[in-house]
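S.K.: Below are the chains, spelled out letter by letter.
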Amino acid sequence: MADALTLSRPKAAQAGSVNILDVSKTFHVDDRTVHALDNVSLAIEPGEFISIVGPSGCGKSTLLRFLAGLDLPDSGRILVDGERIDRPSLKRGIVFQDHRLLPWFDVETNIAVSLHSVAGPEAEKRKRVQYLIDLVGLTGFEKALPHELSGGMSQRAAIARGLAPRPPLMLLDEPLGALDSLTRSHLQDELLAIWEREKSTVVMVTHDVEEAIYLSDRVVVMEPRPGRIASIFDITSERPRHRDDADFVAVRREITNLLAKR
Amino acid sequence: MTTSTSPISRPGLIWRALVLPAALIVLWTLLDAFGALNSDILVSPGKVLVTAYEGFADGSLPGAALATLLRALTGWVIGATLGLAAGVLLGLSGVARGLFDPSISSLRQIALFAWIPLLSAWLGNGEAMKITLIAVGAFFPMALGAQAGCQNVPAPYREVGRVVELDRRAMLTKIIFPAAVPSILAGTELSLNIAWLGTFGAEYLIGTGYINGMGDGLGAYLAAAREYARMDQVLLGVLFLALIGIALDRFVLGLSRRLVPWRMP
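Just so you know, the protein sequences line up as chains A and B, in that order.
Numbered as in the working numbering, the first sequence ends at 262 without a single skipped number.
Numbered as in the working numbering, the second sequence ends at 527 without a single skipped number.
If you're looking for bench data, these hints aren't it; they were derived computationally from the structure.
All of these numbers come straight from a predicted model, not from anything done at the bench.
Ideal placement from N, C-alpha and C gives every residue a C-beta, glycine not left out.
Take the hints with a grain of salt, since some may be wrong.
As the list claims (entries may be wrong) - From the structure, some residues in chain B lie toward chain A, with a derived Cβ separation under 8 Å:
| # | residue |
| --- | --- |
| 1 | Leu293 |
| 2 | Val415 |
| 3 | Tyr419 |
| 4 | Ala432 |
| 5 | Pro440 |
What the hints assert, rightly or not - What follows is a list of derived Cβ distance ranges for each label pair:
| # | chain 1 | residue 1 | chain 2 | residue 2 | range |
| --- | --- | --- | --- | --- | --- |
| 6 | B | Pro379 | A | Ala178 | 58 to 66 Å |
| 7 | A | Gly151 | B | Ala347 | 58 to 66 Å |
| 8 | A | Asn39 | B | Val357 | 45 to 53 Å |
| 9 | B | Leu361 | A | Gln130 | 34 to 42 Å |
| 10 | A | His242 | B | Gly356 | 29 to 37 Å |
| 11 | B | Leu515 | A | Ser41 | 28 to 36 Å |
| 12 | B | Leu361 | A | Thr109 | 57 to 65 Å |
| 13 | B | Thr435 | A | Glu254 | 48 to 56 Å |
| 14 | B | Ala347 | A | Lys127 | 38 to 46 Å |
| 15 | A | Ser231 | B | Thr435 | 54 to 62 Å |
| 16 | A | Ala178 | B | Leu361 | 39 to 47 Å |
As the list claims (entries may be wrong) - Some chain B residues well away from chain A (every beta-carbon gap over 12 Å; in silico):
| # | residue |
| --- | --- |
| 17 | Ser306 |
| 18 | Leu311 |
| 19 | Tyr315 |
| 20 | Val339 |
| 21 | Leu385 |
| 22 | Ala417 |
| 23 | Pro418 |
| 24 | Ile437 |
| 25 | Val443 |
| 26 | Pro444 |
| 27 | Tyr466 |
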């Protein structure tokens, strides 16, 4: 159960460490065997912002689903704060690419759903929901149904739902992938602000190299057949970053070249 | 929050829907005026109106309609409730599916009126038998709709429930049942429709025996009209069946729009 998690928990500076150890996964499609992940290992520090980029089929989404506990690896282990993942947990929030808001609930209720199993008084939960609605800029849309929202607004609500239980580890599966570039860069800044406030570890899967460099402490580049880590880039420059700085451009070219080679 | 994508208004749509019936009535009146109607096949519109007036004056027509409606609703409530329970059980439990699904699927293949000999042997030809027949008709579409709804909840929504650690109960009330509502409403619509059609059949085929007397309802009304070759009453009875049927259908449709303002993917 989620009783270890309460809304009033102090900011856990050391929570949200991830250890991925020799994780492998094969799928069987018809008669072919697909090595989605082949002996992938990665250690993530608490509070780190990590992006995973790579072409489709490199296993980045599979890895994220393992971190969420939605699927399990064939071999290898994944530890979060020393605990082995065997099922989904509120300690690991996930935002899906297709926002996955429940169409029958309004914005408020959609966010509150993620607090259903969290211990704590109702009044406090309501305050938390309202705080998040304000935080992601959906004030005034509390009672709106998902089909009445734009794509950007739906994704904001989904981000708020992921954040609501204050998970020490946030998993983002191309959360901004479906948005237009203007909304996208705006939400990137918001994501950064939220991350700096919540001090949670973030693992984000994205197609967008620029987005990865703009946001992350480290960019993990993966390659397919079999899915594995090709290279890891440390992005050390101060935030807010500028997309036309020399070192930004240099790293972007390096990553793009690496991806283009495959 | 508008659900209509049509450029014309609702009253406009209603008028449009009335064009064909109005044209038929005009044609019918003209044929009558030129003396082209054979009264054994089709009586004049005026005659039907007079019969309708008489029917309302002595209460026989609204009485018959009300009896049929009450009978249909009683059978439907029983059948649909049981169907909903069975469908939800089958939709949620693989074990229940394994045990009952093949049997229910087989029973569903029996045409509704093929139950009549069996049910009349067990229950006689009275009210209990008619209600049971209507309930049997209402049961299957409702069970099917509820089962499909509960069984086919999109995996992405189930995953949302899993990642926020919903317990079994919350999973049902917040994810599975709401996701099943559109399918359950489709089952409701179909089961009410079959209950309505089945009621007429029950009244017409069962209620007119020598043992139980004439029975009541629109089915008996039509059976009598046929017996005495009263084409005016036949037309009126058919008209009432259609009007009440469409009213029931529209009622469920309106209910669906209120309950499901969203669209399932």
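S.K.: Hint by hint, say whether it matches the structure.
M.R.: Hint-by-hint comparison with the structure:
no.: 1; hint: Leu293; in the structure: violated (51 Å)
no.: 2; hint: Val415; in the structure: violated (11 Å)
no.: 3; hint: Tyr419; in the structure: holds (6 Å)
no.: 4; hint: Ala432; in the structure: holds (5 Å)
no.: 5; hint: Pro440; in the structure: holds (4 Å)
no.: 6; hint: B:Pro379 / A:Ala178: 58 to 66 Å; in the structure: holds (59 Å)
no.: 7; hint: A:Gly151 / B:Ala347: 58 to 66 Å; in the structure: violated (40 Å)
no.: 8; hint: A:Asn39 / B:Val357: 45 to 53 Å; in the structure: violated (40 Å)
no.: 9; hint: B:Leu361 / A:Gln130: 34 to 42 Å; in the structure: violated (48 Å)
no.: 10; hint: A:His242 / B:Gly356: 29 to 37 Å; in the structure: violated (56 Å)
no.: 11; hint: B:Leu515 / A:Ser41: 28 to 36 Å; in the structure: violated (58 Å)
no.: 12; hint: B:Leu361 / A:Thr109: 57 to 65 Å; in the structure: violated (36 Å)
no.: 13; hint: B:Thr435 / A:Glu254: 48 to 56 Å; in the structure: holds (51 Å)
no.: 14; hint: B:Ala347 / A:Lys127: 38 to 46 Å; in the structure: holds (40 Å)
no.: 15; hint: A:Ser231 / B:Thr435: 54 to 62 Å; in the structure: violated (47 Å)
no.: 16; hint: A:Ala178 / B:Leu361: 39 to 47 Å; in the structure: holds (43 Å)
no.: 17; hint: Ser306; in the structure: holds (52 Å)
no.: 18; hint: Leu311; in the structure: holds (48 Å)
no.: 19; hint: Tyr315; in the structure: holds (49 Å)
no.: 20; hint: Val339; in the structure: holds (25 Å)
no.: 21; hint: Leu385; in the structure: holds (41 Å)
no.: 22; hint: Ala417; in the structure: violated (10 Å)
no.: 23; hint: Pro418; in the structure: violated (5 Å)
no.: 24; hint: Ile437; in the structure: violated (7 Å)
no.: 25; hint: Val443; in the structure: violated (7 Å)
no.: 26; hint: Pro444; in the structure: violated (10 Å)
no.: 27; hint: Tyr466; in the structure: holds (42 Å)
Comparing the model with each earlier hint shows violations of hints 1, 2, 7, 8, 9, 10, 11, 12, 15, 22, 23, 24, 25, 26; every other hint is respected.
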